[in-house]
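Protein chains: 2
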Amino acid sequence: MSFNELRKDYLLDRWVVIATERGRRPTDFAKQERQKTKSGICPMCPGNEHMTPPAVLVYLKTNRGIKKSKDENSFRHKNWLIRCVPNLFPAFAPPKEKIDSGQIWKGNDLAVAVGHHEVLIESPNHDEHPADVQIPQLMLVVNSYINRLRELAAKPYVKYVSIFRNHGLEAGASLSHAHSQIIATPFTPRIVSDELKASKRFWKKTRKCVFCDIMKKERKGPRLILENSKFVVFAPYASVHPMEFWILPKKHEATLLDLSQSEAKTFAETLKTCLSGLKRLLNDPPYNYGFHLTIKKDTCDFYHWHLEVYPKLAIWAGFEKSTGIYINTVTPETAAESLRKTISS
Amino acid sequence: MSFNELRKDYLLDRWVVIATERGRRPTDFAKQERQKTKSGICPMCPGNEHMTPPAVLVYLKTNRGIKKSKDENSFRHKNWLIRCVPNLFPAFAPPKEKIDSGQIWKGNDLAVAVGHHEVLIESPNHDEHPADVQIPQLMLVVNSYINRLRELAAKPYVKYVSIFRNHGLEAGASLSHAHSQIIATPFTPRIVSDELKASKRFWKKTRKCVFCDIMKKERKGPRLILENSKFVVFAPYASVHPMEFWILPKKHEATLLDLSQSEAKTFAETLKTCLSGLKRLLNDPPYNYGFHLTIKKDTCDFYHWHLEVYPKLAIWAGFEKSTGIYINTVTPETAAESLRKTISS
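So the sequence lines, in the order shown, correspond to chains A and B. Everything in the first sequence is counted per our numbering, starting at 1 for the first residue and increasing by one. Everything in the second sequence is counted per our numbering, starting at 1 for the first residue and increasing by one.
Isolated chain A (complex conformation) (with noise of 0.2 Å):
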């Protein structure tokens, strides 16, 4: 078994994948090479199925309406309407026979970096980005999410599932076709391990969701961008983000496993509203979004599903870098007012 290393900081807690399957030598990385675009053939378009691997979830049109399936090895599906295949150059890749910690630990400070990498294609068409989508189509996605969740969670090496979509170049996008990605990792990374840290501490002490709480204030003030019967919308006070905006469930869920067909339809409705909004403020940004949650079952109580939307309109640089403090050039109240005028008109 040939896995990628994950190895942890001297110091800090902060893990790195160091991921070579892509063999870039450093010289990949000079100026005439960073420069170059991209052959014109997209890997995802309808035709070109072969240039993937086999998908391990397709929604297929059939005479009697949406079939879920998967792709033999040797056969790719035709008529799709999703495809979620295992990425070319997976950060994270799955065992080939059992395997157990102390053959995934191999230090303090070094494991292999087992689990999984796919990249889930959105839509048969190359720009049918969430903000134009029709919501049929945008429920396959969330449904999509929440299959592969379902699966990946269930696998004894995996301890978490990033969901997350990179949209334009400058936001990392390398591939301009429409499509999400999906890690699972053999540990809860840090920033929703912290959360789920301070979120115990505040259960303990009050037996209330931290979450919760948050969204009863934020609902009542002036960063609040949108509510609806399911979901609540708002720029988050400490927002890192020129115009960043979460949206969370009224419901209190730790993981997205348990969303019913009519939650999965508000939440496609409003993540919808709020990338159009997005687009049409600010003439089609890029920006990253990921959903944070929990596959544990032990920290139903205290923990609480939401999508963070990080519109890419600053670069992090050497303050922020060497230092993890952040400078917004816009204040979270201002952004929310702006998002809520634009979606409302």
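Which copy is meant is left open, so a pair is good if it fits within one copy or across any two.
Below, simulated DSSO-like cross-link-like pairs (lysine-lysine); rule was C-alpha separation at most 27 Å, straight line:
id : residue 1 : residue 2
1  : Lys-8     : Lys-200
2  : Lys-106   : Lys-197
3  : Lys-159   : Lys-98
4  : Lys-8     : Lys-197
5  : Lys-70    : Lys-265
6  : Lys-159   : Lys-297
Just so you know, the hints here were simulated from the structure itself, not pulled from any lab data.
Since chain A is already given, all that's left is putting chain B on it; use the hints.
Frame of chain A; chain B shown alone:
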């Protein structure tokens, strides 16, 4: 007094300056605005001294050698080699009168961004960056760092001084004139504070400096880039950025303040060698660097100042931003080998 707000995340130990001084509206981030090029006038070039606030430090060329001075309010020195000026849009601003910690800390998630934010113009020549500059000029830069560090660290409301440099537009340098920045903060930033805690633990257990220990190992290993009489340069074991490297002084010192002139000279030479190697290898890539140091007297035993250099060759996207796990596509061993070869050729 009007200060920016310093806000802490609901749960995480993550602080954000809400910097409204620049008065940016959300729509300033729309695509046509983002792509606007700057006017042709460089406020850092000689002749444009009136475009900046008066300098807090100037190195002047005189008939009798180099003289240290500062501007008067209504007067700007002309014949300068270095100018350090307050940032026109400071993230952290000095109080107009004496301020106590009760006036700074407004709660456990809110403070006023008291401090300093300065721009150090490294040369009268627009393009004289550290990879190309003459050593005597780069020594003036290093001496300016020390000089400003000494003055800012002595202020009662200053708990940390971050000295950093952004090179290239993609690394956040909005002006291309050779310059560094200095930000003094009212608390120790998370990354440095975590390093302090971990190195203190190591010291309590072993009575040794963990950085001296790291250096001793890295000097003999595959990640070494350069070693001279006073400094060791290596690619750190868990490099977050492709081609990242750190410069550590061999002499155990917690801060820059006691650097001798002979050490400053060797540091300038070491920095120039490494940055010029990086420039030749990757065709002048964007980068950030930041000093890690302490200004607290009681941390001298276990902390060890160093410079961290982060070439900007990758984009942190949804995964990195929402989890705090990083993916680096170049092994530190390969990075070190390439830099070593380029430097010695």
